[in-house]
Each structure stands twice: as structure tokens, then as C-alpha cells.
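S.K.: Letter by letter, the chains look like this.
Protein chains: 4
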Amino acid sequence: MCGIFGVIGPKEPSILEDVYLGLYALQHRGQESAGVAWFDEGGALRLQKGMGLVHAALSQEQLSKERGSCAIGHVRYSTAGESSIINAQPLHATYSKGQVAIAHNGNITNAEMLKRDLESRGAIFQSTTDTEVILHLMAHEQDLPPIDALIKALSKLRGAFSIVALIEGRLVAARDPWGFRPLVIGKRDGVHYVASESCALDIVKATHVRDVNPGEIVIIERGEITSLSIPVKPARRFRCSFEYVYLARPDSEIDGKSVYDVRLKLGQNLAGTCPSPDGEMVLGMPDSGTIGALGYAVASDLPFEMAIVRNRYVGRTFIQPTQRVRQLGVQIKLNPIDKLIRGRNIVVVDDSIVRGTTSQLAVRFLREAGARKIHLRIASPPVRFPCLYGIDTPRSADLAAAAMDTGDLRDFIGANTLCFLKVEDLINSIDLPAEELCTACFDGKYLEE
Amino acid sequence: MCGIFGVIGPKEPSILEDVYLGLYALQHRGQESAGVAWFDEGGALRLQKGMGLVHAALSQEQLSKERGSCAIGHVRYSTAGESSIINAQPLHATYSKGQVAIAHNGNITNAEMLKRDLESRGAIFQSTTDTEVILHLMAHEQDLPPIDALIKALSKLRGAFSIVALIEGRLVAARDPWGFRPLVIGKRDGVHYVASESCALDIVKATHVRDVNPGEIVIIERGEITSLSIPVKPARRFRCSFEYVYLARPDSEIDGKSVYDVRLKLGQNLAGTCPSPDGEMVLGMPDSGTIGALGYAVASDLPFEMAIVRNRYVGRTFIQPTQRVRQLGVQIKLNPIDKLIRGRNIVVVDDSIVRGTTSQLAVRFLREAGARKIHLRIASPPVRFPCLYGIDTPRSADLAAAAMDTGDLRDFIGANTLCFLKVEDLINSIDLPAEELCTACFDGKYLEE
Amino acid sequence: MCGIFGVIGPKEPSILEDVYLGLYALQHRGQESAGVAWFDEGGALRLQKGMGLVHAALSQEQLSKERGSCAIGHVRYSTAGESSIINAQPLHATYSKGQVAIAHNGNITNAEMLKRDLESRGAIFQSTTDTEVILHLMAHEQDLPPIDALIKALSKLRGAFSIVALIEGRLVAARDPWGFRPLVIGKRDGVHYVASESCALDIVKATHVRDVNPGEIVIIERGEITSLSIPVKPARRFRCSFEYVYLARPDSEIDGKSVYDVRLKLGQNLAGTCPSPDGEMVLGMPDSGTIGALGYAVASDLPFEMAIVRNRYVGRTFIQPTQRVRQLGVQIKLNPIDKLIRGRNIVVVDDSIVRGTTSQLAVRFLREAGARKIHLRIASPPVRFPCLYGIDTPRSADLAAAAMDTGDLRDFIGANTLCFLKVEDLINSIDLPAEELCTACFDGKYLEE
Amino acid sequence: MCGIFGVIGPKEPSILEDVYLGLYALQHRGQESAGVAWFDEGGALRLQKGMGLVHAALSQEQLSKERGSCAIGHVRYSTAGESSIINAQPLHATYSKGQVAIAHNGNITNAEMLKRDLESRGAIFQSTTDTEVILHLMAHEQDLPPIDALIKALSKLRGAFSIVALIEGRLVAARDPWGFRPLVIGKRDGVHYVASESCALDIVKATHVRDVNPGEIVIIERGEITSLSIPVKPARRFRCSFEYVYLARPDSEIDGKSVYDVRLKLGQNLAGTCPSPDGEMVLGMPDSGTIGALGYAVASDLPFEMAIVRNRYVGRTFIQPTQRVRQLGVQIKLNPIDKLIRGRNIVVVDDSIVRGTTSQLAVRFLREAGARKIHLRIASPPVRFPCLYGIDTPRSADLAAAAMDTGDLRDFIGANTLCFLKVEDLINSIDLPAEELCTACFDGKYLEE
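Residue numbers (the numbering used here), protein chains in the order written: chain A, 1 to 449; chain B, 1 to 449; chain C, 1 to 449; chain D, 1 to 449.
The hints are simulated quantities; they were obtained by calculation from the structure and are not laboratory data.
Certain hints may be false.
Copies of one chain are not kept apart here, so a pair can be met inside one copy or by any two copies together.
When the alpha-carbon atoms are kept at most 25 Å apart in a straight line, the in silico DSS-like pairs for lysine-lysine are as follows [claimed, not checked]:
#1 187 x 339
#2 373 x 333
#3 257 x 65
#4 257 x 339
#5 422 x 115
#6 97 x 115
#7 152 x 97
#8 333 x 205
#9 152 x 115
#10 115 x 11
#11 65 x 97
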């Protein structure tokens, strides 16, 4: 997944703190490591990186004192490459044309082939990230100015990439020609921002100017935005539908569509496809299923209840998976309100089923809380295919809906009924043309290379 | 506020980890410090305490390895006493009858008088907690066995106290005769638990057996519960109504009433008293106003929307209040979904108004998000009097509703309309007799001493 | 052991940092915990305490910013009481006459009796330190002003105590009537200091004014020193001889005698009593035996060599005692220079033998380095009796020289010869009258009570 | 400076802990960062790196649990490249022939030229270390097997380098053809070690087998040592004389010469060249001047005294350079014993003078301690030229002995007399032929390229 953020403006301390805050708003896109790169007052490229959540990996105090005129940041959710500080981004390099720093969100499908080719020309790789491939490709375009070298490099890539980069004191942002991963541009006074999601613009009180277009390269310098193109002509777009289903924050807007709106509609459409005649109330699995549940409840005219409570202090670093904690299971984080559920037929809405184990545990604790019938409703189609474009789905064999049909899956999970949204309703809810959307994880329609 | 937890059972490592988990579930009741006391295998009283959230203050890893047969824990939200490790609880002491450890939730109104009297008899105080007063009172009853000394000590106290204690290898729990603060008993196999709220029983998969009654002392030993009384006969009860309004978790049950249920009813009653004829949607202030908003929406037949998004990773330690952060304000934590709000008349439900500043900031960012009219609805009466019984309200002068009438307060906050719940509706929603409830912060009816 | 430090002067930030530095200079007297207490600008008593070495336990950065007019500090080496933050000093208390803080070095031999008596009068003990006994004794003198109450309290104590205290904005220091533990007074401009050893005066560039006399109480306020007496008339003094032998730093001066000088003389006298006719060079066990070795070498006209090298970065927190580390043993810290030692007859001087295990390991690694003969020379008499006055010696059964005669001990250690200094030479080297010195750990002559 | 360590042997946890201990013994060679690289049981290259001292940068606990069959480690003292985790070594890379890790001690004088050439061929640099240059040079030898590629790479380097590397499961060590930096081979049972100094073999109880020869490449695998040569024929050797003067630990042996022995002889020769007729005692500046002082004292028949005491707990992380600390100066670390010094003519021996400021501060505090005359004797010639081969000397302008003649320097420092060792006595003390030694920092005779 990963989240990226960039800023350029007058040399002031707050722009580095804005990167900290932007990454903080994008924390849901990656919790493994975080990093910031910037050009300091003396023109030197500086880095701060660390493992864990933003507040642990970076020093807000130190960043709030540093001055810089442009900066980029990254939160990492490991997809390619093992978990380690070596893979924390942004990556930076010195090469024949100077210093450059890049941060990347996505997954480049021809990375291995490009790597082998680069190695045969003498390249050494110090990380296992796709980002390092981009740096090498740039450096091998000796005859081109840096921006042109970057464009040349990007034109060789296949797959998903949204990037931010610092090149010659300029902030550069680019989105792959298929538009897999989102990328937005924002502005506040004389400062420009680029971010994975618009919620990261809101936290720094920037206005959402527009999305970076698929295949577009944006160069921001002295308050001016220049737009160039990656010279690859895709047959169609592949904007990620899973961003709307699960990944993005509900207060973000992606390619002109409000994520909140889409999730409400997913719930409403789900109510049409998967009614629950004897359901007495609708619950959402916190937090990802809540908005879908609200849509479902309204459309099916059933009461919406917040009967599963999430511990507000839950965070991945807090509870060690000791034997006792494993035994207690998901209830460490989620607690059903027995009084509300006992003896009732409940409809539970979740955003998706990937491995199926979370659903299984949730159904189990709802049973223990006394639910009579449990109707599990999923606000997306069955995930049957792995994502090749940067979302950390397991391989096919571990995808519950790939391994079992819906009946078997219902029994595995232990629900009384189980029903999924249809792909056409997903497309319809997002309200973008089908040929603009990637639904590969649901229907296996991958980018043809 | 503060939260307390106690456990007794067969000597096994997991009971200490259960205290950790119980405190984790009670984290909302205190974030300043946390501590655990237990008798180890050799019969020695052991302590672990620290500042900050449970995961920072205590070592889950170490506790999961320690063995003990009984233990108590505490999370502290400073009311009396300055913020410091010296005031972290449980407190422990050695006195003429042996070793004892106590943790306390509440505020003892005659503590200063008792302290002066104890000092005149040679007592020294090493903390500024009320808890230390209890230890001294016990120790001055030289002729009584420990439990009787505790009962004698408790009978001298006025005000709010729920306590857990370790005395002679037994777990002791007590609740003041007025019943200010909640205290519940739970059980799992041969292990007994005591906790401030039932949600802390759920996390360790214990069954909620019953509440400790006002004025009751419970002694748990070898799987047996003995019930004794504090020899004080109160004219009436003073169960805290603010626990239902704000303090407790919605998945807790206090004195037989579900907090979730009460909050839904508060919202429903609020809709009756404070309708919003031109309102187009109902929002709750996350997280405390959400359930009330849901009740309001249902009762007034307006759509319920989750248009204010709370950053899931917000926690008090993460963001330093730098100049930039103060300038950005509450939006670091809460983000309104502009697209939903722009140009609409919105009804915003919050649980209460104390200082009024949070409401003011929220109204401001909703205006910036483009709301046309903002109708602020408060699911409790105006807080006009300080709490003397353990809730950290400011003195009268800083209570917005004490300093201003509703019209001025509306203007101060910047809402188009402002309306509060009535006290009788509060009582009615909780569904306990008026003479069982403390509503002093709303109507100034304090315990007469 | 423990080290104490006190300062009083104009309200300035540096006096708190001076406590930090003073404790840093006294670090050799205690590594378990450290603490500072001071009255801040508002007149409130403040504390900072922590486990481990000074730099880990305290925040130099924070202390360098705090202002106060008087402060005391303590480094703890646990003798009485288990290892825990609860026993970290200074202790403080509020009692009928106000606030007081005390730090203590020594061991009070009638503490248990005093505790039992205090408990029978209703006292509760929250630590297991002797210091808390002093606070209770003060508080029980209700009719006396604080200083008089302290004098009354101290007059009830038997055994060793040097204390620093903050009482009513004054710095108070006292030394037991027998003079067991050292205590010195220093001055720099208008600032007065009290410290366990004079080396802690040097680090803050204070002049060593004089020692606190046995039985003296010193009250420092507004640049004036008042001297009072503890009304106990001892038959003789018991100044600790082991301070000179091992405990104090060589750059300290105690009761008018330079520790360095004494150690040189111990070595010289040792050469007279224990010659080594076939010895070819003299080595000191780092660091405590080095100066004695130098004295021995000069007196016996043998070359002094620094053939055992101590890793400069050794500190107790750095190396975990894993299986591998235990297997490698003392060589982690000390490394002999083989080339120098191989095939030679060496004289090794150490300051004392307590358990004998360190000597045994040292002899072993010197053998492995190829030494032909090893003559072990000890610059103090055999330690045959436990110290009751604050030095952490083991009980008799674990004292090597109590369990074995010198011949058996030589074989146990593996040296070719072993020879100890005589008690009269110890006294003679210190150059104080025998009736002024405690030599109880060598000859069992304890204070008669 | 920097220190390196390597180990290969049967797959067992202790070999990784041995790297930890080896680096710990080499801590004096670098305190900025530390790192370990190893091949784990699955054959994957693993890294652990961090800033600061070994115990802070690395986790002994974790390393003691990991299994590996070969490993290398590094402690860094920044010479080339800014201070940052990015420059912490070992560096590792994946290239066309697999994975490789390298750690490096020294300074490559043609690094910039090599870098520019590599960049022109498309290389990107992610650190500013010379080590990365070596990796790139290897990777550009596409047609050669890894070891041959390394040899080819090393043959292009000029200047100082001792390296350890992990290549194809083998431990490789190499020393530049001039022999600037030391490198030794050790053995314990079936385990082989390579280290910057022999003291690091002692800590793991390995036997010192021999030095790696100048220009030698050693490949260790399955208990066998293979020796190859770097095909560069140097006109002469340049073994660093400053290792003996200051850098190495006295318990190390370099190129067959004991550092302790050399330092004693430096002191003895110094006594001949620079007598002190009215001197009454000889002191060494702790710790680097102590052994020289002992040699001087013996040769001049003056008493040797340890009158400057070094705080045993001093370490670079402990004391923050606050205003107060700067004001107190070097006395935070070193304390003279006034009683010994007052009114006497003292001879102070130090190992060298670089910037001159430490000597100045030391003379000042010895004056304050009452010394009558101070004769400063330096056990090495004046440092007049910067080191180009890996020792962190300042540029010429900041070298006190380059800026001033001895008379002016004496006045600047404040000593009564100042006298340096002669270059021929330095060579003579080390006892290696002049054409085997680098004395460039003293006489400017650099390697001709």
C-alpha cells in the first residue's frame, strides 16, 4: 500500500512539520516504517527514517526546527522487499547529475526483469524496493537532463506507481499511465503539496486543487506547476477499486469521487443484492465496515446499531501476541455489546473478505454474545485473485473466496448466511466507467503487458 | 476519573497479564500513569508503575512471565495531586499488621481534614493521593484485624471511592455508601475479577456476575466471595450520571444499565426537547457524541451521517503541540467530509459542553467545510457546577455554561442554534430513580455532610 | 555505600545541574538508582528519580533548565531494602510542619526496632529504606520545630548515617556521632555544597572547606553555616577504614587524609610485611589495586607495569550476562598483556579480598597469559566480618577469608603465594588514631550499643 | 579510524555475539555507529546497524539468539562522509553475482576520482563512504568471479584500506599493499577471526595467529585459509606509526610489536631527548599518556604518580555540553589530586598534541591545583601534517604544531617547558625499519601516487 507526501514552498520550518502531519494522516496506508527527505538551507539532501509508526520513526520535534524549501515523505507497508530500515523510503542517491530522492507507492510488475538488466550493466542494489530500480534507470540515462531521465525511466515501468521526488530543488510527482494508485495536488498560500490521499491535504489546511492524471508528471517550482507526460499510451485505465472499498480513508476524495459516498452506495447496493428478510438490526465491522453498514441499514430500512465497540487505544505496537492474548483473540480490540445482540437476528456488514479469519473470529464472538442468526454481508465482490499492483493480498491459495465457494465459505466462517456484492454494483457505486477501473482482485482482469 | 482492576485465582502467570489487559480496556479512564501490585510466589508484595499509557508505563512482556495469586491495577487521570510517579497507584505500605496495597477511584471530600488530623498524630505523607489517607487510617486502628481496620477507615470517609486492595493474600473491593463510582465483579473459571467497568471483564472473557453495591465490601479468597458493609447509612444514593453521559465506554453496563442504551435514549429524548426543523442530517462529534447522534437521528427521522472522521492513530503521545500544530488545531484529529456538508443545514450532537472550546473549534471547522446552518445539540444538561467526586471538571468560572446563558454560549461557540437536554430527561434516560443518581454537576445538588 | 550531595545558593538553574555533576562524580558509590529533590521557584518540593546510572536515571537537560535555591541528590547502592524505584532516594514527605526531603548514606543498626515501635504507633512504611525511619521519627516530634525534631530523631539512631536534607528552605547535613561515613563541606562564590567525598566538590570547582564532624549537624542558609550537635556522646569514633582501602575515589580527601596517599602507603607497608623475593614486576588489579601496586613497587624496588588493561567502555549496562559472556568471564573487562607476563614471576596487588572469586578469575587469566609464578598481595587485612554500617559485604559464610585460612585461600585462588596487610599497618597507613577508626570488617570490633 | 571484525565457523549463535564482543573491544576506534552483517541459516544476508556506542547501536540480546556461519562487523569514527545511519557499515549489495557485504577501515585517496568515473557509467551512490566505491568497482567486473572481481577492484585503490567482507558464504579479509591499517587473524577451536587489533581476539579467547600482510587477501572457508595478493607492487610500506602512539589499545600487538612495549620505549626515549632536571614527579595524561609517563619516570629515575584521576564512568553520551559544563571544562572528566601537586615541579607526559586545546586545559587545571612548574613532555614528534589515510586529524591550519613553533606553542599551552620526541626516536621505539613506517603526519612524507 504505502503513502507518499511532498511539499514545496518558501524556506520555512513548518514545511517539514507538514510532511510529518501529512504522513500522520496517511498512517493507515503503512505502519512499518516512515521517512522524510529534504534539501536543507545549505542545499544538502537530508534524511530522517525509522521503523514503526510515524511518531516512533520520526522526530516531530527535530523536524519542526529544520528549515527546507522542498521535502518528500513516505509511510511504508511492505509489499515487495523484506521489512527493514534498509527498505524504508524515501531512497536517495548521488549520481552524475547530482542528488535525487524518491518515494514510491505501488508495485512495478517488470521490476525483476529491469533489475537483472541493470545488474548486467554493473548496478548494485542496496535495498529490495522497486524505488531503487527507478534511481538506477535514471542514472543510466547519462545524456539526459534529470527530469528527462526520470521520464525515460518511468516510461520503461509496467504496473502501479505513484511517486514523489526531489530533483534539482524541484518537487516532482508522477502517476503511472494506468492510474492505479491515487495522487492529489493541494495548495495553501504559496505552498504546494502532493499526497496519496486528499485527507493529508486537509490536515495541513491545504485546498485540494486536482488529481494528478494517469500518466502525468508534475513539476512544481517557485509556485508554478508544469505538467508533462510519460510517453506510454495505455489501452485503458486501471484505477484501483479497492482504494474505495477498503484502503483509503472515508474523508478522502479520489479521482473526483468521495470515498464516503462510494462506501454508502456500496452498502445501499448490497442491500438490494443481498437482503436480510429476518434481520433485526445492522452492524458494521469496525472501522472498515461501518459506512457500508449505514448505507445497508438505510436502504433496507433496518435499525443501524454500533454494537461492536473498538478500543480507541488499539494500535499495533501496544499488545504483544503472548499465549494469553492469542487465546483471547480479537476481543482485545473489539467488544460486542451483548445486551443489544442477545437473541436477535443481526446483519453484519464488512468491507471485504480476504483470508476469512477475521470474519470467522468476529462471527464467533457475536455468537458468544448471544446472537441468534448472523447474516454476513460483504460490501465488495469475493476477492479471488492476488493484487499485483501494490496491495498486500496473499497468494491465491490463501484467499478464502478463491479456495471455497460461497456456501463452503459461509460454513467456514460460521455465519447463517453470507452474501457478496456483485462486480457491476461495485463499478456502479464508484461511478466511473468500467474501463477506467481495476477490478483484477475480483475478476482477474489484469493489465496485459 | 481513574480506573481500577483486581484479580484473584490460582497462581498462574496469566492473572498478571489479565491486569494489564483490564487496564488496557480501562485506558479511557486515565492516561497519566498506570501501575500493578501483586503478591509473588514468595509472598512478597511487588509493584510495577510508570507514567503514560498502559503500554508505555508497564511491561506486558515482564508481567506475562510473573506468577502471582492476586493482583490489583490502576490507571490514573490526575484529579487530586500533581502529576508524578509518586502519585501513581496502587500505593502500598508495610504497617504493624503486614503488607497492604490499595488502588482508588474517586475523590474523598473530607481528605484534607483527615490528613491534618493524621499529621497531628505523627503521620507523614509521601504522595498527594487520597489513597494514602486510607492506608494511614487503617494503620491507626492498631487493635483491629486488617479487614476490620479497613472497614473502620472507610467509614470515616465522605465522598466518592471505589477501591481494590490486596490484604493478607485476599482481594478486597469496596464502594462508597453513596455509590458514586461504578465497580463490577466478574468470573472466569476459578478466577474472580473486580473492575471499574464491565468492558474490562469482557477483554479477559470473564462473565459479569454483578455490581458491587453501594456501601459494600467484598472479600474474595479461595473462590469464595464474602460480603460486608461499611457502617454508614446514607440518606440516598449518588450514582454518577456523568458516567453514562461521557465517562464510561458504551460497551459497559453500570448498575444494570447499558451505557449504549442510555446514550441512545439521551439522543432520542434530546430530539424531543430540541428538534431541528430545518436540519438535513445528523452528525455526532467523534467519538463521544456518536451514539447520541444516532438516537437523535432515528427519533427525528433525519439521516445519520458519519461526516466527521477521527484519525484512528490519534493518541495523546503522538503529536507535540508545536506552534504549527496549535495553528492547525483540532483538525489534526478530526476531519469533516466537505462534500457531504457543504451548503447543508447540519445537526451536530455532542455528549456535553464543559469548557466550550472544543465545541467552538468544531463549529469553526464545520463552517470552513461549508455548512450552511449548524444546530448544536447537547445530549446532557448544561454543566454548571464542578464535580467534587472524582471527575476532572474545571472550577465554576471555567465552566462555559456557568459563565454564560445558552444564548451567549451559542454566540461564543458560533452555532446557529444551541440546545441542551433537560435534567429530568437525563434521569429518565438512565432509568434509575432520581434519588439514586448524582446530578450535582448539572444542578448543584451535592451530598450533604 | 551510596553517595549524597547537597547545594544551596542563589536561585539559578546551574545549582540543579551541579547536583547532577556531583552525583556523576560519586557514581562509584552507587549505580542502582539516582535522584534529586529541590524546592522550585514557587516553593514546591520537586523530585526526579530513576533506576540505573546517573545519566539514565536523571535528565541533565531538564535539570539544567530548572531553577531552585536548594537541592539534594543521592546515588544508591542497595544495602538495606530491595532494588526498586520505591527505594530510590531522596525520600520526601509532607507532615504537620511542612515538607521535607532527605537522602541518606549508611546503615542504621537499630532501624528494625525503631520501625516496629513506629508501626505500633500507627506508622505506615512505603519503602524499605532507613531514611523513611528518620522521617517518621521527625514527624512524631509534634511539639518541636523541624530542625529540633530532626536532632531528636537522629539522637535515637545507632549505626552509620551521613545525611543531607531540605527543611524549610535550608540545606541541612549531619554525620553520625561515630563518624562512620564521610561528609564534606565545600564553597564556590556564594554557593555552599555538601558531599560524600571531596571529588564531588572538585567537579563543580568548589573549594573543600572542611569535613562535617562526627555528631555535627550543619544548617546552611543565606550563605551562613550554623553548627549544632547530636546529643549523643560516643566512647570513641568509628571512621570507616574501608573508605580508604576501596570505596572512596583516590582524588578524595577524607577527614584530612588523602585517599591516594593512604593507598600508596598501604602498598609500601604491604611490601614490608609481604615481600616477594623472586618477583620480577608488580601489577595492580585495575582499577582498585593500581595505586597500592605503585606503592609496593617503589618500596620493593621492583618495576611497576600496567600489564592488565581495562576496557575503557566497560559499564554495568553494556554487556548482558549471556551464556557466552559467562563462559568468557572477566576477560570481557580486563585483558592481560601476554607478551609482558609470559614466563615471568609476577606480583599482583589488589585492594582486598571479599568473596575471593574475582581474585580466582584474575589468577586464572594471568596463568593463561603464561605467568610463571603469581604472588598475590592484598593491601588490606583479611575481611572476616560483615559490615553492619553500610558497606555491601556478604554474610560471614561468603567471606572467603572467614571461611578459609590463608593457605587454603591461596590454593582456592590458585596463586603461588598470598599475603595480607596487618591491621596495625592499615591503621598506621591511614595515620589516624586506632580509636578513631572502624576496622570491624577486619577484626570484628563493632560499636557496642 | 574505525574498527573491523570478522568471524567464520560452524553455524552457531555465539559467532554473532562474538562480533558484538569484538566490536566492544574495538570501541575506542569508533563511537559514531556500529553494525553487523551475517548470512543467516536460510542463506539470506542480514544486517543490524545503529548510531552510537556498540551497546546502544546493536542488540546483544538479539544477536545472541541469531545463528549464522559467517559475519562481519564495524565501528565507525567518521572520517569521510557525514555522520548518519546511511554511512554506518557494513554496507551490503545485491549485484549480478549475488549478495556481498563489506566493512572498511581507512581512507582511499583516489575515491573521488573513482566515484566520478563510476557515475559516468551510470552508478548511483547511496552513502558517502569509500566502501560503496569498492562495491561498485566489484560489480562492474561482470566477467570475473566475485573474489577475482574484488581483487581487481582493490588493485585500483590508492591509500589506506583494511577490509572484511562476506562473499559467497566465505569470510574475506584484505589489507592495502602499503599496510597502513593493521589487521590480524585469530583462531579458537574451529572458528576463525579477523580483527583490526589483537585485543579483539583476546576478548573472544582466540589465539593471535598472525597479521594479514600488506597487499594480502585472505579467504577463509571450511576452516581453511587461502592467501592471495593484490597485484600492486609498492615501493615501500606505510604502516601507521600513529597506531602505536595513540590509536591502538596497549594490549594489542601490531605487526609483531606490542603497543605497550612501544609506548614504554617512547617514554624512555623521551626522557633521553627531553630531560626535566628540576622535575619532582612524572604524571601521565589519562589514559593515553600513562604508559609513556611510566617509561619516562623509570628512565629519568623520577617518581611516577597517578595524580590525575579519570572518572571511570565517563563516556561520550553521558554529559551534555550545556553552558555550565563548558564552563567547568575538562575537569568533568579529569581531576588532579591537589595535595600531591601543590608547590611541586611536575613533569606531564602526553601521547601527542593535535589541536593543543586539551593540553592547554590540562595545564590550566594543574596550575589551579597549585603546581609550581609544569614540564610538558610529548611522547611523539609534533603533528604538522594532516593524515590522508584514515585518522581524523584536522586540516593543517588547525594543527597547533603546524601553526606555531615549539616556543609559541609552549606559551599558548601555558607550560613552563615543552619538548617533543624526535622522529628517529619514534621509529627506533617501534623497532621497524623506517621504510616500513608511515610518519607522514610528523614529516609530511606521503605516499607518492
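S.K.: The structure should be examined with respect to each hint, and the outcome stated for every one.
M.R.: Against the structure, the hints:
{"no.": "1", "hint": "187 x 339", "result": "between (49 Å within a copy, 18 Å between copies)"}
{"no.": "2", "hint": "373 x 333", "result": "within (23 Å within a copy, 37 Å between copies)"}
{"no.": "3", "hint": "257 x 65", "result": "neither (37 Å within a copy, 51 Å between copies)"}
{"no.": "4", "hint": "257 x 339", "result": "between (38 Å within a copy, 10 Å between copies)"}
{"no.": "5", "hint": "422 x 115", "result": "neither (39 Å within a copy, 57 Å between copies)"}
{"no.": "6", "hint": "97 x 115", "result": "both (21 Å within a copy, 13 Å between copies)"}
{"no.": "7", "hint": "152 x 97", "result": "within (15 Å within a copy, 27 Å between copies)"}
{"no.": "8", "hint": "333 x 205", "result": "between (32 Å within a copy, 13 Å between copies)"}
{"no.": "9", "hint": "152 x 115", "result": "both (16 Å within a copy, 24 Å between copies)"}
{"no.": "10", "hint": "115 x 11", "result": "neither (37 Å within a copy, 31 Å between copies)"}
{"no.": "11", "hint": "65 x 97", "result": "neither (29 Å within a copy, 44 Å between copies)"}
This entry does not satisfy hints 3, 5, 10 and 11, going by the numbered hints stated previously.
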